[in-house]
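Enquirer: Read off the chains here:
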Amino acid sequence: MPEPLLDVRDLRVCFRTRQGLVTAVDGLSFSVAPGEVLGVVGESGSGKSVSMLAVLRLLTSPNVTVSGEVLFRGRDLLALPDKEMRAVRGREIAMVFQDPMTALTPVYTVGWQIAEAIRAHEQVSRKEAHARAVRLLSDVGIPDAASRLNAYPHEFSGGMRQRAVIAMALSCSPSLLIADEPTTALDVTVQAQILDLMRELNAGGSAMVLITHDMGVVSQIADRVLVMYGGRAAEEGPRRAVFHGPRHPYTWGLLDSVPRVGGPRLRRLPTIAGVPVAPGGIPEGCAFAPRCRLRHDLCEERPVLSGDTHLDACWLPSGDRAGLRVSARDTEAAS
Amino acid sequence: MLVFALKRFASALLVMFAISVLVFLIFFATPGVDPAARIAGRNADPATLAQVRHSFGLDRPMPIRYLLMMRHLLIDRDLESFVNRGSRVIPQIIQATPVTLSLVIGAALIWMTAGILMGTAAATLRGRAADPLIMLVGVVGVSLPAYWLGEVVNLLTQKQLHDSLFSWVPPPGYVGLGQDPGQWALHMLFPWLTLALLYAGIYARLLRGEVVTALNEDYVRTARAKGLSERRILLRHALRCSLIPIVSLFGLDFGALVGGAALLTEVVFGLPGIGKLTFDALQNLDLPVIMGTVLYAAFFVVLANALVDILYARLDPRARHA
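For the protein sequence lines, the chains are A and B, in the order given. Residue numbers for the first sequence follow full-length UniProt numbering, beginning at 1 and rising by one. Residue numbers for the second sequence follow full-length UniProt numbering, beginning at 1 and rising by one.
The set of hints was computed from the structure by calculation and includes no laboratory data. Warning: the hint list may mix true and false statements.
[Said to hold, decoys possible] Distance condition first, Cα-Cα at most 20 Å in a straight line; then the derived SDA-like pairs of lysine to any residue:
hint, chain 1, residue 1, chain 2, residue 2
1, A, LYS83, B, ALA319
2, A, LYS83, B, GLN183
3, B, LYS7, B, ALA319
4, A, LYS127, B, ALA319
5, A, LYS83, B, ARG232
From a predicted model like this one, the values you see are computed outputs, not experimental measurements.
All chains should be built: construct the whole structure from the sequences, respecting the hints.
Expert: In structure tokens, the structure reads:
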């Protein structure tokens, strides 16, 4: 196995709140190889975004404590001085956020903001930065980039803004791009265009972490999938393995609740019973146990993520998960 | 742009016309207010009153009187005071304008600088002891009335400490900028500081709130993810966006102050500005002077608003096409 680009070990993020200490990310470990696309899925509140913000140290609230190790090319980002961390942000690891409508500063032109990102990391002239911004914008598929460069964010549509944000993220050719739900706020057709764009980027050699709650997006683009629940990893493995042979009951639920275009029409989509755990109320044992049809005594104890290349954190016997999945679905249908 | 400017100009004219009518009506059509009685003096007999009425044109119909006054004020520019016969209104206003402008522009520079520094500092130091401390200083400044603060400043600089610490402070009054720039600044220093203290606190509080909100915006997170320094994020992104509402407030305050709202400061420090002129005219019910100063004030408020509109469009691109 090649040396991972990003290796996160035992990441823990705690928030101090009025209700006491809340653990949003609880001992998360994962790695991203160069050129690989890791899809991170899970419901809202499962800790996907927070863990990625913690990787880039973008959680600035004084009430947050982050512990663990985030090794990027062997350097622990969590221990880096602020100045060196700034050199990593944007140049080596770039991030794209969910809502393109608010992600750009409203009072500057799009081109100015892209040039600012370039000039933050490289000693280039204003003119050169401008020329590069034009190229970046046309690379992400904005027609007539030279004149659109002088447009303000409010003059762009949502899809164009997201393209501009992506262009900005790519301005220094980062080796890792973290995209936090980059398509969630967009129309389906625009979503497809943005996903195409990201696929092209990946073909160009960038590694990517794609956070989403959309299983469809993950199935299209990810090499490996990390399923998160309650701030912990529930399942992790190659995309095909996770989609064709999901091992964790939570992943079953996620996959079953995706509507299908073909096949018989369902009167009601299957859902996962109950509500996602609040970060403040995660049980001692398996976080998913309160909502799991197949829970048993062992689930009182916390399962560890185990396996070979396809890992999962579940106490069910590893032999016949597919059969268990079918029977669980039948009991659900019967009830 | 031309259409915009013309529209602006037309609406400004309308506002000034409406204000002049209003002021005229307040002083001539309000029951119980008789300018003739004030001019003629106490216990004047009916014959004197009638004579005064006639000689000041107060016995003619109201619309005619209004038009006559406006003609004297704007066209012939020879409108005379009711109280000091022979002293014209317009030269008085022209004389008082530089005093008020000196006071207000100087104070505005000080309070904007202080307000922006205090507000930004408080926002960046949020959660530490300095933040509430700065805000407390701001509230204290806002809560001190100008006449009290001005009197205390005068007491200290002119009397109590005049022989020691403040021996360099000149007596209250005004020296023209053209005459002696050094003396001008020296005479204006304490009036500036007094007026600025009243406003700096409000601006600091407002800006602090805006910057705190801006620092939680998504675009600040994007800027951070770009690898910009905290300083650049604060100044070029958060503060830049926070200045937009400050500018509109500033335009209103500035226009009102130039128009005479700096009255208290002017009176306390013996500055013969517009506020003082209006104040004296009001005490004597000297309608021509009041009319002149009110129209002058309306002009500045309208002008300041127009400037704010233009500046606003420069600061906020979203307002340009709206």
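Enquirer: Decide, hint by hint, whether the structure agrees.
Expert: Do the hints match the structure? See the list:
Taking the CA atoms of LYS83 (chain A) and ALA319 (chain B), the gap is near 37 Å; set against the 20 Å cutoff, the hint is violated. Restraint check: the Cα-Cα separation between LYS83 (chain A) and GLN183 (chain B) comes to about 49 Å, which exceeds 20 Å; the hinted pair is violated. At most 20 Å may separate the alpha-carbon atoms for a hinted pair to count; LYS7 (chain B) and ALA319 (chain B) meet this at roughly 17 Å. Simply put, LYS127 (chain A) and ALA319 (chain B) have alpha-carbon atoms about 28 Å apart, too far for the 20 Å limit, and the pair is violated.
A hinted pair counts as satisfied when its Cα atoms are at most 20 Å apart, and LYS83 (chain A) with ARG232 (chain B) qualifies at roughly 13 Å.
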